[in-house]
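Participant: In my numbering, the protein residues as written are 7 to 220.
Hints are computed from structural coordinates only; laboratory data are not their basis. Computed from a predicted structure; not experimentally measured. One thing to keep in mind: the hints can contain errors.
As the list claims (entries may be wrong) - Distance windows between CB atoms, simulated: (1) Trp170 to Gly73: 36 to 44 Å; (2) Ala105 to Pro137: 34 to 42 Å; (3) Gly191 to Ala168: 20 to 28 Å; (4) Thr87 to Val183: 29 to 37 Å; (5) Trp170 to Gly201: 26 to 34 Å; (6) Ile169 to Gln115: 33 to 41 Å.
As the list claims (entries may be wrong) - Quick list of in silico lysine to aspartate or glutamate cross-link-like pairs, EDC-like style, CA-CA up to 20 Å: (7) Lys172 to Glu188; (8) Lys172 to Asp182; (9) Lys172 to Asp205.
Positions of the beta carbon are idealized from the N, C-alpha and C atoms, including for glycine.
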Amino acid sequence: MIERDHASRMDRIYGGQRHIYDLTRKYYLFGRDRLIDGLDLHAGGTLLEIGCGTGRNLIRAARAWPGVRLYGIDISAAMLTTARANVAAAGLSDRIVLAQGDAAGFDSQMLFGLARFDRVMFSYTLSMIPPWREALAQGLAVTRDMGRLVVVDFGTQSGWPAIWRKPFLAWLAHFDVTPRAELAGEVARLATSLGRTCDTRMLWRDYSQMAWVA
């Protein structure tokens, strides 16, 4: 089921932004390519990106990992319009399948004909999802037993001076972005409850944070 208020809000924010999203975000969404390059996928494997936006990450993953089948969901119909156009322009429509869905409650079997995936990726999306804990749990629920869930997102900028930190966080809030200070603890809690291993780390003095659950 799609949370309509949140879907409408994302369409309002990114209805215009989607046209310049990839051009502008490359300057401050750090760690995305590092995450993709470390996916360690093999031909025939599967990757789901939750909150796929413009499709940029899926296109890069398709090129980095030949033979992998890729899937993406996003709650924003506007973003998916751009993503489908980008995927088609890249000549990857036969490998990348996109669908509209709510990160905190989607049926991957219904959307894609697959219940679970080898890799599940969140890239700068948990900070935009109000029920982010539920979305993280949902991501783990569709990760194969021997698979891996990976996350990269904004940190709380704790290692930066207040003269930088306060205006930057205010600017993020303008786009409904809230860094999740509790991400590491929530990842550890979920991993423990499922008998999985995990690792979290801060990057660039907590500008960004990364997490893995395997």
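Participant: What hints, given by number in increasing order, does this structure fail?
Facilitator: Those not satisfied are hints 2, 4, 5, 6 and 9.
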